[in-house]
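Chains as they are written, first to last, in the working numbering: chain A, 1 to 185; chain R, 1 to 322.
For the record, the hints were derived by calculation from the structure and aren't laboratory data.
Mixed in with the good hints there might be a few duds.
Said to hold, decoys possible - No more than 27 Å apart at the CA atoms, straight line, and that leaves these computed lysine-lysine pairs for BS3-like:
| id | chain 1 | residue 1 | chain 2 | residue 2 |
| --- | --- | --- | --- | --- |
| 1 | A | Lys68 | R | Lys70 |
| 2 | R | Lys70 | R | Lys122 |
| 3 | R | Lys146 | A | Lys139 |
| 4 | R | Lys146 | R | Lys135 |
| 5 | A | Lys139 | R | Lys250 |
| 6 | A | Lys101 | R | Lys70 |
The chain contents come next:
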Amino acid sequence: MSNSNLFLKSGFLRAPLQNGVGRFVPQLQRIVFKFCKTHGASRGMRDFIEQDLLDFAKQNPNIVVYMKPRRHRSPVIVAEYLNGDRFWMSMHNKTHDEITKWVEVMRTQQGDIAATRLRKLQYTDHPSIQGPWTPFTFKDPELNVASLPDSKYGANDRLPMSATEKLRLMFEQQKLNESDIKTAE
Amino acid sequence: MALTRGIVPFCFKVIKVVPITLQTHNIHRWVAPTLMELKRREKKLGGKKTNPRNTFAEWNLEAELYAFGKRLNEEFNYDTLLQAFTDRSYVVQEEMKQKEMAIDINLKDNKELAEQGEQFIKEYVQVYLETVLPKFPVDGVTSITKNLTNEETLSHISLHLGTKDIILAAEYPVDNYILANTFKAIVGALLQSSGKERTAHFVRDFVITQLQGQDVNEYWPIDDPWSMLTEILRKDGVTIEPRLIGDVGKNTLLACYRVGLYINKKMISSGFGETAATAKEMAAREALKKVFGTEDHMKPINFQLEGIPKPNENNIYQISAS
Numbered sequence: 001m002s003n004s005n006l007f008l009k010s011g012f013l014r015a016p017l018q019n020g021v022g023r024f025v026p027q028l029q030r031i032v033f034k035f036c037k038t039h040g041a042s043r044g045m046r047d048f049i050e051q052d053l054l055d056f057a058k059q060n061p062n063i064v065v066y067m068k069p070r071r072h073r074s075p076v077i078v079a080e081y082l083n084g085d086r087f088w089m090s091m092h093n094k095t096h097d098e099i100t101k102w103v104e105v106m107r108t109q110q111g112d113i114a115a116t117r118l119r120k121l122q123y124t125d126h127p128s129i130q131g132p133w134t135p136f137t138f139k140d141p142e143l144n145v146a147s148l149p150d151s152k153y154g155a156n157d158r159l160p161m162s163a164t165e166k167l168r169l170m171f172e173q174q175k176l177n178e179s180d181i182k183t184a185e
Numbered sequence: 001m002a003l004t005r006g007i008v009p010f011c012f013k014v015i016k017v018v019p020i021t022l023q024t025h026n027i028h029r030w031v032a033p034t035l036m037e038l039k040r041r042e043k044k045l046g047g048k049k050t051n052p053r054n055t056f057a058e059w060n061l062e063a064e065l066y067a068f069g070k071r072l073n074e075e076f077n078y079d080t081l082l083q084a085f086t087d088r089s090y091v092v093q094e095e096m097k098q099k100e101m102a103i104d105i106n107l108k109d110n111k112e113l114a115e116q117g118e119q120f121i122k123e124y125v126q127v128y129l130e131t132v133l134p135k136f137p138v139d140g141v142t143s144i145t146k147n148l149t150n151e152e153t154l155s156h157i158s159l160h161l162g163t164k165d166i167i168l169a170a171e172y173p174v175d176n177y178i179l180a181n182t183f184k185a186i187v188g189a190l191l192q193s194s195g196k197e198r199t200a201h202f203v204r205d206f207v208i209t210q211l212q213g214q215d216v217n218e219y220w221p222i223d224d225p226w227s228m229l230t231e232i233l234r235k236d237g238v239t240i241e242p243r244l245i246g247d248v249g250k251n252t253l254l255a256c257y258r259v260g261l262y263i264n265k266k267m268i269s270s271g272f273g274e275t276a277a278t279a280k281e282m283a284a285r286e287a288l289k290k291v292f293g294t295e296d297h298m299k300p301i302n303f304q305l306e307g308i309p310k311p312n313e314n315n316i317y318q319i320s321a322s
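Turn these sequences into a full structure, and let the hints steer you where they fit.
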């Protein structure tokens with residue numbers, strides 16, 4: 001995330017109130033359409049109100065729809081969500097289609113999610129399923145019956161390959177190659 | 001030499017063409033100090049004022065209450081629901097106003113509904129948890145119930161059901177006590193309008209589901225797990241034997257001991273800690289989880305029990321070797 005997003009409210013992707021575990025509660029609680037009855041900038045909004053608003057209200061009885069005509073002012077939609085978020089959006093010069101799409105976005109999102117900086121794209125209550133690590137977590141069962149000290153377990157196997165060992169391997173490789181070469185006889 | 005002479009002017013040209021990027025100040029220098037001054041003056045006058053949502057021009061209480069019921073998929077009686085949303089402080093405030101204006105309209109507050117609702121929630125959650133966690137002791141279930149029905153949880157639920165703006169109270173924003181109380185009153189109102197079973201499902205879907213993704217053992221702190229475990233096992237006639245089965249880094253800061261608990265030479269649980277005593281206690285905790293059927297890998301709690309389960313009297317403790 002870039003520096004310019006640092007002042008955004010941060011959060012994780014979470015369903016509010018375990019939504020959907022019990023029953024599903026649509027999160028948009030009310031929506032206010034503010035528009036002008038005569039101004040050209042509200043043309044799309046007026047079309048939406050004339051053609052789609054009644055169906056929208058009928059299909060979503062859980063949303064309270066308010067209309068607020070304001071003379072010669074820019075059209076605006078304000079969506080209010082159950083988690084207290086208030087999503088304000090200017091609809092100045094937006095067409096009927098665009099407004100339909102934005103209203104659908106407001107209806108289906110769970111809050112003002114664009115105003116949240118996601119800390120991660122996944123979330124879990126239980127980051128580990130095996131519990132905290134202990135020295136015994138991945139212990140080799142062979143060690144239970146071993147009698148220590150044992151050169152097998154005491155050997156240092158973490159050193160880098162020595163030059164002698166490297167030379168020896170090269171010599172072995174050379175011998176193998178020589179045996180492959182066929183002569184004319 | 002001729003080559004370098006050819007390149008040098010070329011280099012100069014490149015340097016001239018490439019613009020030096022400077023971060024431009026889009027926001028004027030006076031903006032920040034002005035905002036700070038405005039904020040200071042606002043603070044001096046007693047902080048930012050939030051107007052109650054129900055004083056806005058675009059507010060219709062009847063529509064809000066209708067949508068509230070539809071949102072939760074429940075049928076409420078309008079008058080009862082309105083009563084459930086009326087707080088005592090609002091009634092007092094209205095009576096004072098009415099006295100001044102010499103009129104008298106009776107208003108009912110949600111005290112009775114809240115009491116009914118609270119009693120129902122407590123009884124139902126207790127019975128439900130006893131059914132869903134059959135091996136968990138009654139004390140533990142009571143402790144979970146207390147946590148689920150405390151003010152903090154209920155106010156959180158209430159807030160996310162959208163009661164904050166609808167509540168009729170003297171103050172705004174309302175405090176947690178009023179939020180929780182309203183939720184109880186809504187349950188009480190639902191009890192009156194839809195009956196016990198529907199209300200039970202409502203409580204199940206909104207209160208009990210708060211346990212989703214939680215570790216139920218954390219709601220019940222056990223002070224002395226070792227003596228509790230031995231007590232339980234003594235009733236079954238079983239003796240338990242702790243054994244030190246591993247130690248690493250003795251006499252260092254990072255010492256780690258591992259203790260296993262054995263019944264009839266079979267290990268039932270193990271725990272680790274920085275001393276042998278801690279390791280034993282952790283092992284006992286693990287064993288208790290096994291006894292109560294609330295291990296880390298337990299099946300998720302069933303949130304879909306239909307109806308009101310019948311309370312069962314006897315709790316059975318079982319223990320098995322793994």
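Hint check:
1. Lys68(A) / Lys70(R): Holds: Lys68(A) and Lys70(R) sit about 24 Å apart, inside 27 Å.
2. Lys70(R) / Lys122(R): holds, 25 Å
3. Lys146(R) / Lys139(A): violated, 42 Å
4. Lys146(R) / Lys135(R): holds, 19 Å
5. Lys139(A) / Lys250(R): Measuring from Cα to Cα gives roughly 18 Å; hence the hint holds.
6. Lys101(A) / Lys70(R): holds, 24 Å
Violated hint for the displayed structure: number 3, the only one.
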